[in-house]
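Engineer: So the chains spell out like this:
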Amino acid sequence: MTNTFSFVHIDFIWPVGIGALLLFALFLWKEWSLPRKLYYLHALIALITIIALVLLLLRPMILEGHDGTQGVLLTEDYGKEQLDSLKKRYKRLKQIPYVENVPMSGILDSISSLFIVGNGVRTFDFWQLDGVPTTYLDAGEPEGVLQLNYERETRVGDDWTVRGSYKANQEKRKLILADPGGNPIDSVLIDTLGRSDFELSNDLKVSGRYLYHLLEKDSSGVTIANEPLPVLVKSKKELRLLMIQGFPTFDSKYLKNFLAEGGNELIVRNQLSRGKYKFEYFNTERRSFYALSQELLETMDVLLIDANSLANLSESSIRTIEKVMKHDGLGVLVLPDDDFFRLPIRASNFEFLRETTSKVTLDEWPDLSLEKYPFTFENAIGLQTIHRSNDRIVSAYSRMGRGRIGTTVVGNSYQLVLNGNKEAYQQFWAQMITAIAKRNEPILDWEPMEKLIYDNEPFSFVVRTSEDNPQVFGANGRIALRQHLDIKERYTGTTYPRAIGWNTISSANDSLSTLNFYVMDNSQWESLRAFGTRMQNKRHFSDAKVSANDKKVLRQIHPIWFFLVGIAGMGYLWLAPKLIKN
Amino acid sequence: MSSGKQLLLRFKKRWSIMQAIVIVLYALGPAMLIYFLTKDIIWAVFTFMGVGLLALLFRKPWQLTLEKVGQYLDHELETTEYSTGLLLVSSGELSSLARLQQHKVRKVLERSIHKVRPNVHMKSAFIVLGACGLLSLLANQYGTSLRSTDSVPAQGDRQILFTPLDSSELKYTPPNIVFQELVIQYPAYTNSAPVTTSNMNIKALEGSKLKWRLRFDTPPNQVFFEDNEAAYSMSRNSNGYEHRMQLTASGFYNFKFEAKDSTSHQSELYALELFEDEAPVIEIQKLKQFTTFEFDDDKTIEFEAVLTDDFGITDAYVVATVSRGEGESVKFREERLPFETRLRQGENTLQLSKKIDLDNLGMVPGDELYFYISAVDTKEPRPNTSRSETYFAVIRDTLTNQFAVEGTMGADLMPDYFRSQRQLIIDTEKLIADKNRLPKNDFNSTSNELGFDQKALRLKYGEFMGDEAESGITVAEEVTVEEAQDEDVDEDEDPLSKYTHDHDGSNEHHLLDHEDGEHEDEDPLESYLHNHDDPEESTLFTQSLKSKLRQAMTEMWDAELYLRLYTPEKSLPYQYRALKLIQEIKNSARIYVHRIGFDPPPIKEDKRLTGELDEIVSFQKKENISVYDDLNFLRKAAERLEQLIERNDYQESDRILFKESGNELAQLAIEEPGKYLETLQKLKWLSDRERHWSEKELRQILRGVLAAIPKPIAKPTKQGEAISDLNELVLQELETND
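Note that the protein sequences, when read in sequence, are chains X and E. Its first residue numbered 5, the first sequence is counted upward by one per residue in the working numbering. Its first residue numbered 2, the second sequence is counted upward by one per residue in the working numbering.
Extracted from the complex, chain X is given alone in its bound form (with noise of 0.2 Å):
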């Protein structure tokens, strides 16, 4: 009912209502005296009338249609030649200028229908127009960068790349990545019109939070713009290592000294007879062990066992890694040999497939050859790539409960520093073992849901935490958390962050736990936010439910017909006795 039919004064409907059936009841006892006929038609008459006096004071509201008014909502960057086009079609056609975050649902109940021409409204905005059926005009796409995707939160000595599309409306504009220093690391120039993609990469030298830069010069060299690259670098966590084998070999010998040579804290056990090992400590205790206990595997991140002694563990050894792997994510890598790739999957975690070519070129690395076991990875079900040569799976892991297991087609990869590309090398046992690596969990894990931060608009993270109640606090006070309701892990909040520059959440039980970000001012990356903006008023309105037809609103009742409803009863009770009487 209330959807069809309301009153504005809907608070008084109690007193309003009792006052009129005592005014009804007292009517019907006064005039209990006149005959029967003209007493009914007197009860009626005031019935009416007290009626309409009730609706005089409750005003009441029915839920009405259209009356074909369109309205435009005119939002930043608007063509004026759109606007024109649409007055000429719409001739009632109302324009309203779009204000941030300000309420405008008065307006826009007089309208039946809605355009909006511009960059459109912001995301916060969206609910002010859910019951409007809207048209977004597309207004095409804004001059610069329309896209860009990067890390945001890496660690030193990784790879990091700044990727986005562009679009030029001149020749010759060139896009450069600038270090915090301001020097320019890496350039493109933008050489087509229109929309073209680009690509940006710098290596990540220092820990801490950094503000690179990314500038769009023209063909004279003239800076365009300047927009800021918040870039959070984290330094990188030694690992706890332990290395089996059944003899040395070169690789392994490589693979030691690198992973040694990083600061890793690293055992590596080398069989030297039947019972007898030779046993080399890096950066770490001395401790002899014979069999592979849980204790010793619980203090592991990474286990590194070559096939043949993978091979001739006891039954109870491989259950005991198998246990760590699962509960506690010990990463297992398996440095193969040739007979590995021949076992059954249930031996070896993994099925190969024979191939003829001894050489391949990975996908990071397309000029370099490095050698391989004429096999490689068939893609099964949860089988993740870490080495990609085209559309063949060089090194991949599987998961077992908590922990990985891994392993390369990759032979031989020490020939790569006898070759002279040490660094390839060192990235890709680096890759490897990060990828198999035990993972570490944070009590809280934060994740920011905007990307583009700007002063004094919402601001929403996610955080993922085992707390029971977590408490977070931002620069304006503790922020209120909701909790997801399936997932009691999830939890989302809001905060609108005021200072310009970088803004950190903390955590009310851990105080090393944060999550950091920039905030920006609303002049930076304009093309891209307006992009972005456009990108979601098209999505969000493309799809609108609401068609203009089935626009209703609730509309009150004009007064006045209860008014002269009232007046016309109370004139003949009044009037009706005296002409009777006469």
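Calculated directly from the structure, the hints in this document are not laboratory data. Keep in mind that the hints are not guaranteed to be accurate.
[Said to hold, decoys possible] Some but not every residue of chain E turned toward chain X, in silico, with C-beta under 10 Å: (1) Ile114; (2) Val117; (3) Arg118; (4) Glu348; (5) Thr350; (6) Lys637; (7) Glu640; (8) Gln644; (9) Ile646; (10) Arg648; (11) Arg700; (12) Gln701; (13) Leu703; (14) Ile710; (15) Thr718; (16) Asp726.
[Unchecked claim] Heads up, simulated DMTMM-like pairs for lysine to aspartate or glutamate below, C-alpha to C-alpha not over 25 Å straight-line: (17) Lys332(E) - Glu369(E); (18) Lys492(X) - Glu736(E); (19) Lys260(X) - Glu231(X); (20) Lys719(E) - Glu157(X); (21) Lys697(E) - Glu368(X); (22) Lys712(E) - Asp163(X); (23) Lys719(E) - Asp525(X); (24) Lys210(E) - Glu274(E); (25) Lys719(E) - Asp81(X).
We put the CB at the ideal spot given by N, CA and C, even for glycine.
Given chain X, work out where chain E should sit, using these hints.
Structural biologist: Frame of chain X, contents of chain E only:
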């Protein structure tokens, strides 16, 4: 009214002055040019004086006499009627007519002498001056300078500029440098005079003594000399402030003083660049690396050596080593030979010659001489020495058997018989040489004997081949020469059938069969087997040797044949071929022995890891590879600078951080000062001075710091991952459905 003579005197004076001006103008131009080129006033003055003197000599202004002036005037003014000379004579000595003329001339001169210009070419002097002026302007504009330029930037030449460290207002005008001087005294052994300069950027020889002297207009409280390590207070004396040090390492330094109002002022950074004394360079001319002498040659080696060093050579000599003997019995003898040319110590370039007489060294054929030149320079305390490449000289020994098995070999597998083929050749050659002198009978019998020897040798090889071993080398029948010759005619029959045993013959056929190679295909397994049972295969040699040996035996067969036919000439080529083959066999045998050392036979699988393990123990090795980061502070400084850019809150702890990072950068800057010097300078200021730094300045420093940090090494790391119950459930499901 002036007398005529006075007129002339005045004109002469004018002339002289103009001449002087011209000389000065001529001298001024080149002097100006020299000044702008050298920027040295002394040179300019010398040039001025030199050119002036030349012009003076050329012009000879002292030769200007009144007579000459008169003649010139006569020439210039026709109205004087060539009578100017009269003016020089007193009127009393003249005739009345002459006096009249004198008077007339004087009148004329009075009227028109000022129209005459002395015979001096002012114009060309001005042109020369103008040209020189233009040239020097150009030289000045484009910075061409004759003065040698150092690698240090030119800024060091300027006066030392001090900037206050405190941003607070200065109450007093700070002291200014009025005098700056740097004396570089090279080490004594270089015999170089001390260099005095006002350029504060230094490039000097290792061990040089440096002395700085500064004088201020108002003496400050204290003056410090700061280098990478520490700050030294400069000692004060009547001449100002002084600091001395010995140059031991490259680096940077700056000055700092504390003024009377106890404000600190710091100068720019200056480079201290050290270069080392180079070792002498030896160049040997007219000498081959290897020289070989025959026994009867003139065994002298002559060569010239050019030795150069940057600060002089003290000594040079030839070190000669004579080796005699071979293998284990080799003996060495070393001698130091002086050069023939007398050595002048301390010279930078020496040209020396040497003649080595091998006979004087007591060398005999087979001996080898190795020698090289060694040179020592003047450096102190430890002189640099350098040596040339080694040169060789050998007197060829014709007596040694070049086919001898190497003395270094582990085992000499070759039997003695192998050596007699050469003896046979020698004997055959001797027989051929003596053919004319010997009676035919003797010749024939000797040839036959040689044939027998050849047979005996062949049979011995047969033993190695696995032929039936005969008990001793018995040759049952001796056939007469005549019979043999008769048989020789018949080509179709085997001419040797009568001389040989049957099994020899069959063996020959057998050998020939082998030669054609078809036999090899008979048994494909042959090459993989080591069949001891088959006598044919039971040899001391490997398969590859066997075929060679068979070939050698075939050659011996033919050699024997022709010896038996008394034609040793025809036999010789076969003998040589046999010898060559035997030599090859020896060589391959040698390779075989060497290979044994490299490739041990594989241990059988079932024998592996079954040995006695009592003495094998587990082995433990512990190593801490400290990842020492020599740019640790620089990295921290980069992070801190970025923070400072965002929020300018300079703290006391930053001072130490920037100081340390400055020290790290200084190490890099020593190698590439141009790249890092500016950043280093600013880092130093940042660590010393407390003031508001603009964002632009901080960014500039950060830029330099980031440029100095090298690309990090890829390292594996731990990633973060949030685990939720839902994730675990999914993983479990995955596993159960796997």
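Engineer: Please name the hints from earlier in the document that this structure breaks, with their numbers sorted from lowest to highest.
Structural biologist: 1, 2, 3, 4, 5, 19, 21, 23, 25
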